[in-house]
Every structure is written in structure tokens, then in C-alpha cells.
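K.L.:
Start from chain A and add chain B according to the hints.
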Amino acid sequence: MAAVTTSTERSLNKLAIVGVLIVTMIFLAPIYWIASTAFKPRNLATTIPPTVVFQPEISPFVKLFTKRSQLRTAPTPEQYAAAPWWERLVFDGGEKVVRSGRGEVQWSGYPSRFMNSLIVAITSTILAVGMGTFTAYGFSRFKIKGEQDLLFFILSTRMLPPVVVAIPMFLMYRAVGLNDTHWGLIILYTAFNLSFSVWLMKGFMDEIPKEYEEAALVDGYTRMEAFFKIVLPEAATGIAATAVFCFITAWNEYAFALIMTNRRAQTAPPFIPSQVGSGLPDWTVIAAGTFLFLLPVAIFTFLLRNHLLRGMSFGAIRK
Amino acid sequence: MTQIELRGVQKFFGAVQVIKDLNLKIDDNEFIVLLGQSGCGKTTTLRAIAGLETIDGGDVLIDGKPVQHLKAADRDIAMVFQSFSLYPHMSVYENIAFPLRATRKSTAEIDGEVRSVAKVLQITDLLGKKPSALSGGDMQRVAMGRALVRRPKAMLMDEPIGALDAKLREEMRAEIKRLHIKQGSTTIYVTHDQIEAMSLADRIVIMHEGVLQQVGSPSEVYTRPANLFVAQFVGSPVMNVANAAVTMNGSGARVAVDGAAEGFLFPAELVGQLDAANVGQDRLALGIRPEGVMVSREAADGYLPVEAHIIEPLGSYDIVDLKVGTQMLRARTRSGFVGKPGAQVFAKLDPAQAHFFDTTSGKSLGVRL
Numbered sequence: 000m001a002a003v004t005t006s007t008e009r010s011l012n013k014l015a016i017v018g019v020l021i022v023t024m025i026f027l028a029p030i031y032w033i034a035s036t037a038f039k040p041r042n043l044a045t046t047i048p049p050t051v052v053f054q055p056e057i058s059p060f061v062k063l064f065t066k067r068s069q070l071r072t073a074p075t076p077e078q079y080a081a082a083p084w085w086e087r088l089v090f091d092g093g094e095k096v097v098r099s100g101r102g103e104v105q106w107s108g109y110p111s112r113f114m115n116s117l118i119v120a121i122t123s124t125i126l127a128v129g130m131g132t133f134t135a136y137g138f139s140r141f142k143i144k145g146e147q148d149l150l151f152f153i154l155s156t157r158m159l160p161p162v163v164v165a166i167p168m169f170l171m172y173r174a175v176g177l178n179d180t181h182w183g184l185i186i187l188y189t190a191f192n193l194s195f196s197v198w199l200m201k202g203f204m205d206e207i208p209k210e211y212e213e214a215a216l217v218d219g220y221t222r223m224e225a226f227f228k229i230v231l232p233e234a235a236t237g238i239a240a241t242a243v244f245c246f247i248t249a250w251n252e253y254a255f256a257l258i259m260t261n262r263r264a265q266t267a268p269p270f271i272p273s274q275v276g277s278g279l280p281d282w283t284v285i286a287a288g289t290f291l292f293l294l295p296v297a298i299f300t301f302l303l304r305n306h307l308l309r310g311m312s313f314g315a316i317r318k
Numbered sequence: 000m001t002q003i004e005l006r007g008v009q010k011f012f013g014a015v016q017v018i019k020d021l022n023l024k025i026d027d028n029e030f031i032v033l034l035g036q037s038g039c040g041k042t043t044t045l046r047a048i049a050g051l052e053t054i055d056g057g058d059v060l061i062d063g064k065p066v067q068h069l070k071a072a073d074r075d076i077a078m079v080f081q082s083f084s085l086y087p088h089m090s091v092y093e094n095i096a097f098p099l100r101a102t103r104k105s106t107a108e109i110d111g112e113v114r115s116v117a118k119v120l121q122i123t124d125l126l127g128k129k130p131s132a133l134s135g136g137d138m139q140r141v142a143m144g145r146a147l148v149r150r151p152k153a154m155l156m157d158e159p160i161g162a163l164d165a166k167l168r169e170e171m172r173a174e175i176k177r178l179h180i181k182q183g184s185t186t187i188y189v190t191h192d193q194i195e196a197m198s199l200a201d202r203i204v205i206m207h208e209g210v211l212q213q214v215g216s217p218s219e220v221y222t223r224p225a226n227l228f229v230a231q232f233v234g235s236p237v238m239n240v241a242n243a244a245v246t247m248n249g250s251g252a253r254v255a256v257d258g259a260a261e262g263f264l265f266p267a268e269l270v271g272q273l274d275a276a277n278v279g280q281d282r283l284a285l286g287i288r289p290e291g292v293m294v295s296r297e298a299a300d301g302y303l304p305v306e307a308h309i310i311e312p313l314g315s316y317d318i319v320d321l322k323v324g325t326q327m328l329r330a331r332t333r334s335g336f337v338g339k340p341g342a343q344v345f346a347k348l349d350p351a352q353a354h355f356f357d358t359t360s361g362k363s364l365g366v367r368l
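Chain order of the listed sequences is A and B.
FYI, the numbering for the first sequence is 0 to 318, going by numbering that gives the first Met the number 0.
FYI, the numbering for the second sequence is 0 to 368, going by numbering that gives the first Met the number 0.
Calculated directly from the structure, the hints in this document are not laboratory data.
Beta carbons are placed, not taken as given, at the ideal position from N, Cα and C, and that holds for glycine.
No false leads were mixed into what you were given.
Far from chain A, some chain B residues (derived; all Cβ distances over 10 Å): (1) Arg6; (2) Ile109; (3) Val119; (4) Gln121; (5) Gly183; (6) Met247; (7) Tyr316.
Ranges of calculated distance between the beta carbons of each label pair, as one might list FRET restraints: (8) Gly129(A) <-> Gly7(B): 40 to 50 Å; (9) Pro160(A) <-> Gln9(B): 45 to 55 Å; (10) Gly135(B) <-> Val19(A): 31 to 41 Å; (11) Pro161(A) <-> Gly111(B): 55 to 65 Å; (12) Val162(A) <-> Gly127(B): 48 to 58 Å; (13) Ile118(A) <-> Gly111(B): 43 to 53 Å.
Bound conformation, chain A alone (with noise of 0.2 Å):
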């Protein structure tokens, strides 16, 4: 790069900068919405012009964990007095945390879809991406027969919508008895997510050397051993950008969780918009539930930032 810029390499750059702030702002304003929307008081969700500058408060998380209803009338001054302070907030926005017959505080349902979300994601990334990148690794290496038609075959499980073979699937989980367990999801998101994963993966395997194994091999080791002590450690970029891939398929699926789970093993996808058409929709917890949602990718990219972004450039050049 030069090191002399003259002034109208510069006035660009800072439009540059200028217009990249606004592309952000556009993508990160939807975000925000849901941010400040899920720590509003819920009179103040839907004012027009919307409210910007308000005092925050977590009430919306508390109704989305917990059961409630609307009070007919105001709480009694004893009832307020002995309540703790987090169903105090709700008694101030003039809802009531409902308690069973024997006073227990009932868990919503958010939890455990956000739970079962958790499961089924986490396991079918760490299927798909083990299965995958031992996959990648034999094709990569070895001499198989007819290795363009396999790769080829594999990645044609893609060319469908998965929504077409909804209906079929259904009915076969159905048959076998997977519909509504975990493990009937988690199979689907890694049947979904392999042929991507394999395909992630060669790439990324095809750049490392042979000879780094080949110098493990003759150094004592067997090749089980220099694919765990060499290649893995020299595909751990891929193998988080693939991982992160993976992750966001299985946790934003929709589609086939709303068909193939309906209470055991509902992930959140179907279960926030559920909430949307019971009675008058509450947009302050549907906002804390979209929020927390957001929250698990958000952390997990935000971790392997570093090796997503050497991953992006590192397995799209190929030789």
C-alpha cells in the first residue's frame, strides 16, 4: 500500500466509513428494536411515536418464565406486601404471576423449548461437524472410487427444499415413533447439516498438507494418531466456521420442528410465534423470548470470530 494518500483517497475512505455506519445501523436497528422492546414496561411497547428514553425493567422476563394471567382487580394490599419482588414488578404492570392450587410459582413453557432448542442444536452440530469432517478426511486422502458421484450425491441431498419431503418425514417419524423426542430432531438437523459439513470440511482438509501427516507417520505414529494430534489441530478454523454454520441451521429450523414436535421436544422457533396468538399478544415478553433466543449464536460467532473470519477466506480458496 502506498504510504502517501492523496486527499481524495482520503475523502473516500471516510465515505467508506461513512457508509458502512449506515449499513450498519440498518442491520443492527431490527436488533435493537427486539433489545429494548423485551426491557420495556408493557405500556410502553406499542406507543406511537415509540418510546426511545424509558426506565428498563426485567418484568417481561419474568412473565415469559413463568405462568400468568391477567388480575380481574388490583392486587389487595397483603397479596402485594407478601409477594416477592420480581412478581411485584408484574403486580405493577397489572398482571398477576398465577400460582397453583398449593401456591407454587409454574414454570412457562419457554424454558424447557429453550432447553430442548439447546439439546437438539448442540448435539446435531457435534454430529454433523464430527461425522463430517471425518468424511472430509477420507475423501481428501484417500483414493475412493467413484469420489466426484459420492461427493456429488452427497450434496444433492441439498437440492430439495426440505419442506417438500415434510409430509413423508412426518409420516415416517410418525411410523417409528421419533415424532416429538429429541433425538427425532436432532437426527433430521444432522442428516440436514452433514452433506454441507462434508462439503465445508473437504475444502478446508484439502489445504493442509500431506505432509504434515506423512511426517507423523514416519515419526512413529499411526495415521489414527496423526489425525488427532496433526490434522485436527490444523483444521480447528474449519472446523469452528463449520460448527457455527451448523449451529444457526439447527438453531433457527422452523419448518420441521413445527411439524415433528408439538410439547416434549418443541424447540423456541415455533413455540415464540405460538405465544403471539394467545389472547392479546404481550409484545414485551415475545420480544424477551426473541431476545434470549438471539442470544446462544450470538455468543457462540462471537467466540469463534477469529477463526470464522480466517475461516471465510481459508477454505474458499482452493488449488
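P.N.:
Just chain B, lined up with the frame of chain A:
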């Protein structure tokens, strides 16, 4: 004590035969260089010895035992790759310790051996660094350290200094030689650089298109090339080769290169030796290195008048192209000996440095004058 022997080794890549019936015996402590152009099968041979490549026929023996069915890990051989293949995610220390960790050695033993090898190679201060932080020469030293630390039965090196720049190559060449003399292990070294081969080898093995051409000491392959390929592959600048006609003329023989009216004077016994070789005149080629072409500025007995064409000044000597008949003979002269292109000079061939070949088979006729 490690001897390596190849017996009738064959190797195919698909329909292409890359090693054709290779027989070679390598003695203990010997430094063998496999020399040849790229694609001649030298690297494949090395990899077959290492166990990284299977062979399709013949035997690979280490200390008399066939090892072709053993895995690379079980052959107790170390290898240095052209790309060095240092594990990027490990420090220099871990790289060198890596082969030892495959054995059942204690941490203290490993530490001691890594440090002693590092000391020999003068890389002790690099042990904490990652390979990416090293210069080419240091990477090479670490790769050597990783190979040496296990005290393997044999060291295999695949163009280990090919990736370095010219000056460093010369330095590392000397260092490899010094290490070999000091550590003394059977070494097989692959290169396409004949200068590297000449300077390092106890014996050079020259390969061409999967076939072994000649095995011999550097001076043997230089002064007594077995065939035209070896004659022209070894030596820089390359040997002059021209079709030649031999006639008897009074007391001596005359050797005329293609298109030349007059022949160079040779001793009479040449004719007898050529008759014994039983090669027709039409299949006869003369080979002579540039230092075997003697140049004089004045006419003298036995010297023929020739015209200087191109002069390449190389500092310590000049290479002069002399036009003889339709051929160009390259001669090596003192710097500035021939004034300018186009000058008339006189040339003579040194019979002791002349080689005669059968152009059909390419084989040397073994004429020694």
C-alpha cells in the same frame, strides 16, 4: 549398523511405471544421493523406502529384513521433507520432541534429548518459538533436529534445501555434510541439483524415467559416465556431444565431428577400441566436457583452426562456443583468453577426457585413452 537394499522394486501409478526394476544396495553410514530430473522416480523411491508409498513388486530390505509390508512408523526411519513439514501449531521444542513422544520415554529423557539435538544444531534459543516465526534456514535446522532426535536407523531427505535461496543453500549443504560426518547415519538424499549431489554424496545414484542409470562416486559419474544421459546430466556446463566419424590417418586416428572437413587427432589405439566395441560409424557420438577442449591463440601441432562464436564470461573462467563443422563445441578457457566473438582460434581435444557413445542405445563404449 544400517544397510538398506532395494531388490527389483517396481512401482506403478495407474498405467505409468514410475520405478522400473530398481536394484540398489546402500551400506552403513553411507551418504547416497538420488539424482535425476523431476518425475524420474527418485522421490517415489525415497517414499517407498520410508513406507509412505507401497510398491508393486520387489523387496525393500533394511538390515536384511524385508520391510515393504511394515508401516512407516515401524521402520524406524526419519525423513526431512522439502516443505520441512513443521507442525505449525507446535513450538519448535514440541516439534523436535514429537517423534520421542511416540516412544515410551520419560519427560526428563525427552527434554534431555531435545536439548542436546538443539545444541548440535545451534537452535537452542529458538525452542520456544513457533515455526511460522522462523527463517527458512532455521526451519530447515528444526526439521533436521526432528529427524535426528530419535537416532533413526536411516535418514531420508527429500530435496531438503530446495526451497531455500542460493546462498543459504550453500550454507546448509555444508551443514548437512558436517552433521553427517558427526552423527554418521545412513542417509539417502534426493535432489535434482547435480552440484548438491556432487558435493554431498559418497555415491550418486542417477535415475531417469524410473530406470537407474548409474551408481558411483561423484568423480566416477563425472569422469566415467555410463551413458549419454548421465554424461549430459552431470556437470555444468554440460558435456559437448556430437556425432563423429573416425578415420585412420597415418600414425593416428582422426575424429571429425558432424560437418567438419578435418578431424581432431587421436591416438591410434582408439580405432582398435572402437572395433572391439563393434559400433558402426553412423551410430558413433563423441562426448567431451568443455575443459577437455583445449584452445590456443596460435596454430600448433594437432590444433585445428576454429571460429569463436559466443563468449560467456563467468568470472573465474569463460565458456567459449567454437564452431566446428556444423557443430558448436563449448570450451572452458581462462578469463578473457579469447578476445571477442568471431576471433579465429585453434582447438584440440584431450583424448584422455573424450568419451564415445553408441547413439542408438546411448551407452558409453568404455573407450579409455
